[in-house]
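K.L.:
Take a look at the letters that make up each chain.
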Amino acid sequence: DAKTTQPTSMDCAEGRAANLPCNHSTISGNEYVYWYRQIHSQGPQYIIHGLKNNETNEMASLIITEDRKSSTLILPHATLRDTAVYYCIVRVPGGYNKLIFGAGTRLAVHP
Amino acid sequence: KAGVTQTPRYLIKTRGQQVTLSCSPISGHRSVSWYQQTPGQGLQFLFEYFSETQRNKGNFPGRFSGRQFSNSRSEMNVSTLELGDSALYLCASSLGRVNTEAFFGQGTRLTVV
Chain A
11 DAKTTQPTSM DCAEGRAANL PCNHSTISGN EYVYWYRQIH SQGPQYIIHG LKNNETNEMA
71 SLIITEDRKS STLILPHATL RDTAVYYCIV RVPGGYNKLI FGAGTRLAVH P
Chain B
5 KAGVTQTPRY LIKTRGQQVT LSCSPISGHR SVSWYQQTPG QGLQFLFEYF SETQRNKGNF
65 PGRFSGRQFS NSRSEMNVST LELGDSALYL CASSLGRVNT EAFFGQGTRL TVV
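If you read the sequences in order, they're chains A and B.
Following my numbering, the numbering of the first sequence begins with 11 at its first residue and continues without gaps.
Following my numbering, the numbering of the second sequence begins with 5 at its first residue and continues without gaps.
Take the hints with a grain of salt, since some may be wrong.
[Unchecked claim] Listed next, with one range per pair, are the computed distances between beta-carbon atoms: (1) Arg113(B) with Ala23(A): 29 to 37 Å; (2) Ser35(A) with Arg101(B): 26 to 34 Å; (3) Pro65(B) with Pro86(A): 25 to 33 Å; (4) Thr66(A) with Ser83(B): 40 to 48 Å; (5) Phe73(B) with Pro31(A): 39 to 47 Å; (6) Gly7(B) with Asn67(A): 12 to 20 Å; (7) Ser90(B) with Arg91(A): 26 to 34 Å; (8) Glu24(A) with Asn75(B): 41 to 49 Å; (9) Glu24(A) with Pro65(B): 43 to 51 Å.
For the record, the hints were derived by calculation from the structure and aren't laboratory data.
From the three backbone atoms N, C-alpha and C, an ideal C-beta is built for every residue, glycine too.
Please put together the full structure from these sequences, using the hints given.
P.N.:
Now the structure itself:
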């Protein structure tokens with residue numbers, strides 16, 4: 011399983027962009043990068059996923075480097091409600107609904 | 005569209021007892037996975053069921069078991085409860101195809117005393 015490395019914690023001012031990095035240097039060619047977040051004591055929430063191209067949805071943008079060894083999740087205008095633990099996950103090939111969670115990044119959005 | 009429903013939300017059990025947790029997936033989803041979350045170990049994969057068959061299994065003892073019914077609803081059972089089984093138990097449902105997103109329920113908070 012490809013391992014991911016994320017900073018333990020980050021801060022962001024409300025209204026500014028939050029850029030959350032993830033390193034996945036051992037990722038295989040057919041493995042996707044997924045991002046989830048977990049607001050305190052709730053179930054994780056799916057944010058976005060991608061293979062090699064940059065992706066954008068209503069919640070966030072995902073930028074994957076050309077060599078696919080790292081990626082960045084971007085929350086364009088962070089709000090207090092974005093305070094959560096963010097998990098970067100490399101999806102196991104054939105793993106279907108199996109997600110391997112690391113420790114994640116604890117993002118604190120301040121007024 | 006209703007989300008993933010887990011029952012009960014909270015549970016207190018005594019050491020040595022057994023417990024059954026329930027998960028109703030999103031309509032049309034055939035895959036249900038179970039996870040354990042503790043402060044020390046984080047989120048850990050327990051097992052996945054697809055079309056009533058266990059398809060993936062994590063590294064947990066045999067006291068942890070599950071099943072899935074024909075309507076895709078799933079239950080997990082923990083026998084001979086230990087204090088260390090106190091955790092938030094989460095289930096996630098998905099269509100079950102490769103690389104489709106999984107949607108989580110709110111979890112069942114189990115406390116073993």
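K.L.:
Look at each hint and say if it fits the structure.
P.N.:
Structure-based check of each hint:
At about 33 Å, the beta-carbon gap between arginine 113(B) and alanine 23(A) stays in the expected band of 29 to 37 Å. Against the hinted window of 26 to 34 Å, the Cβ-Cβ separation of serine 35(A) and arginine 101(B) comes to about 27 Å, which satisfies the hint. Distance hint check: the CB atoms of proline 65(B) and proline 86(A) are about 44 Å apart, inconsistent with the given range 25 to 33 Å. For threonine 66(A) and serine 83(B), the Cβ-Cβ distance of about 46 Å falls inside the hinted range of 40 to 48 Å, so the restraint holds.
Taking the beta carbon of each, phenylalanine 73(B) and proline 31(A) are about 42 Å apart, inside 39 to 47 Å as hinted. In this structure the hint that glycine 7(B) and asparagine 67(A) lie 12 to 20 Å apart at CB holds, the actual value being about 18 Å. Remark: the range hint 26 to 34 Å for serine 90(B) to arginine 91(A) is upheld by a beta-carbon distance near 29 Å. Distance hint for glutamate 24(A) and asparagine 75(B): a CB-CB separation of about 44 Å, consistent with the stated range 41 to 49 Å.
As the Cβ distance of glutamate 24(A) to proline 65(B) is approximately 45 Å, the hint placing it in 43 to 51 Å holds.
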